[in-house]
Amino acid sequence: MKIRTYYIVFFALFSFAFFSGSINELEYPEYFPKPVYDFSQNPLDNEKIKLGRALFYDPILSRDNTVSCATCHSVFNAFAHTDHELSHGIDDAIGTRNAPALINLAWSNSFMWDGAVNHLDMQALAPIEHPKEMGEKIETVIEKLNNSTIYPPLFFSAFGDSTATGEHLLKALAQFQLGLISANSKYDRIKRGEETFNDSEKRGYRLFLQNCNSCHTEPLFTTGEFANNGLPIDTTLNDLGRMTVTKDSTDAFKFKIPTLRNVEFSYPYMHDGRFSSLHKVLKHYNTGIIASKTLAPSLKDSIKISADERADLVAFLLSLSDKDFVFNPEFRFPRETLLLKKQ
Amino acid sequence: MKLLLIILAGICFSIQILAQEDTLRIFFVPTMGEKVINLLESDQALRNDSLEIVIDKFLFYASQFQLLNDSIPVFEERNSFHLINASEPGSLFIDLLISQELVFNKLQFSVGIDSLTNVSGAMGGDLDPTKGMYWTWQSGYINFKLEGRSLQCPSRKNQFQFHIGGYQKPCYPIQEITLPLGDSRNKRELIVYIDLSKFLEQIVLSETYEVMSPTAEAFELSHLLAKIYSLNK
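These protein sequences, in sequence, are chains Y and R.
When we follow the working numbering, the leftmost residue of the first sequence carries the number 333, and every step to the right adds one.
When we follow the working numbering, the leftmost residue of the second sequence carries the number 287, and every step to the right adds one.
Bound conformation, chain R alone:
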């Protein structure tokens, strides 16, 4: 019996080599305005006219990847949860395996973790709670974590910390992002830019600099996220 199962597993393993599939690679590039953020160089000051800002940490969950043709989903990644971490180059792209003939003109994904996943217990991979994106004192994933410094913040070391997450209505902050990409034929690479200045410029940093629990305030900030993602500008 065991031998049979092992042989079966072996067959499955070899079939995949035959399957004709292609990789669509999606890169994520965090920026401050035009300037690309590189967290590997420490203490990179990103000077923008209105803001004087250093980013220390930037992570978010991108989930539920879909490709649409007009408004019809033509591809859906199963078990689709990716932690994108600006400090880890290996996490800044993901590969979707799609059929070679697939025609699509929109990329869709969510920023954050859906509520069902939030109440389904311990999970592994990018959802492992050791990734620093899970609140320990009150259950729930952090969807989007941005930490840094600005002279405008009256806090210790002028720090700001935005941990946006939660899963319970009415403060359910997951955001769906849909990005049109024109003609897709032969497109095998997409670049998603994340302009953090569009987020920070909407916030009065001298007043709001620490949002670290699933509150109405965090929920409000989550709406800003929909506007900071764009494709191949």
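Just chain Y, same shape as in the assembly:
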């Protein structure tokens, strides 16, 4: 045992001596809570983020090298997917759920619409091995990466070891995604006292606090919990939501409360992409709620809002759009890393 400890100390000191200098801190506004991601196990580092970004955009992660994470998670849609209601993967397979936006993931403690994944690091295994998403085995991905020309040096710069491993692949992908922080919408600028709401947004904000904030709680616009918001059941899918994971019937039809940041860009909405516009979403909350055993108590009485008020609510929701996020050049396809290799 002791020998092992010495080795660890030895390598820790050794690698610290060589690789110190590129570590950076997660930047977020002071009105955000503390992130839940444990950075001590995966300290942010520019080289790891760079590797993670390359992996996120590289179809090498899929069986036939056609599908990348970005195929379903597009930066311009706040990393959601807008062409399809349900996800569209390898061999043109259609999945059973809508690809969610990827925003402020460092504050999430469960992933997927039903919370089946317990840690951001482990999330990527699901799409990689899903037969309708990327259809690949993680072992084969690692082999392909180790046989490629660009990845060994990228892994070396990131982890001090040019051999790709599952752990390093997952940690790098997580690092890129942890950096996907949206905190510069009009709402945020107002929070920081740099701007003010117009009248319609102000009315919308008031309605939001009354009717929506208990689940879509600011400043992250989600509590991270699961709820049944009264959608009629789509009998072609019969998706039980959270109950699939907990096997507890009191969780039937509960889904993870999604953030509302950048909803302008992340349509279609809900776990199955059933609504194509915010107006349709509001109509649902207004008149479409279906009673059931697990319906959230706060939605037992439909939300009473007039057509004008709906417009105000939409105006407020649009103040959550963060153009600096969806147009951030750091979040896009990394041409410098990935195109070089293709030559």
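Treat the hints with care, since some could be wrong.
[Stated by the list, open to error] Here are the simulated SDA-like cross-link-like pairs (lysine to any residue), alpha carbons at most 25 Å apart as the crow flies:
{"#": "1", "chain 1": "Y", "residue 1": "K469", "chain 2": "R", "residue 2": "V322"}
{"#": "2", "chain 1": "R", "residue 1": "K431", "chain 2": "Y", "residue 2": "G467"}
{"#": "3", "chain 1": "Y", "residue 1": "K518", "chain 2": "Y", "residue 2": "L610"}
For the record, the hints were derived by calculation from the structure and aren't laboratory data.
With the hints as your guide, set chain R onto chain Y.
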């Protein structure tokens, strides 16, 4: 500064050569009754009177190794996670580095991965998710994986597949195994036998042959595991 760190590291490295320690080697030997399972010879049919069985794959996590003297822990391996894979001879033993004078009379370890480790993100070594012991569609390690064939199974190719794992209560299947070993003085090798027939004989293979998610059924099967490990018979 960097030079200093490198020198420091060098000193650490040489100290370990001086430390007086001894190796306790623990072998794991999977059996079917009296018969040792050798997965390197393919398609080895293990005929046992009541069962006609071929084992194709057998892996499990052994973690949290401890040595006890009566009930007092005298040695605890840190970061103790080992994937034991019947198809990989190199994984069928582990070495514990203990002090030469250590007196102990019990070996303790867990079959499986604790819940904290299960929610702590990506890990390397034996815990790397490329080892085939991590569920991808729902987070969680597989503690114990046994696959094979029996004519009793009505499945395709008469296969049975038991993937026992999970980390969430009430179905938390990790099992603690404590094996008494009598006097330990000068013991530097232990053999842990794993009798899979004791597991399979408790299962009606014509009904239960595919358990592959962290369910109540898997949890129930996990209790059988406590009885299949024994020491130096």
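Checked hints:
1. Y/K469 to R/V322: Since the Cα atoms of Y/K469 and R/V322 sit roughly 32 Å apart, the hinted pair is violated (cutoff 25 Å).
2. R/K431 to Y/G467: 23 Å, holds
3. Y/K518 to Y/L610: Judged against 25 Å, a Cα distance of about 18 Å means the pair holds.
Hint violations for this structure: number 1 only, all remaining hints satisfied.
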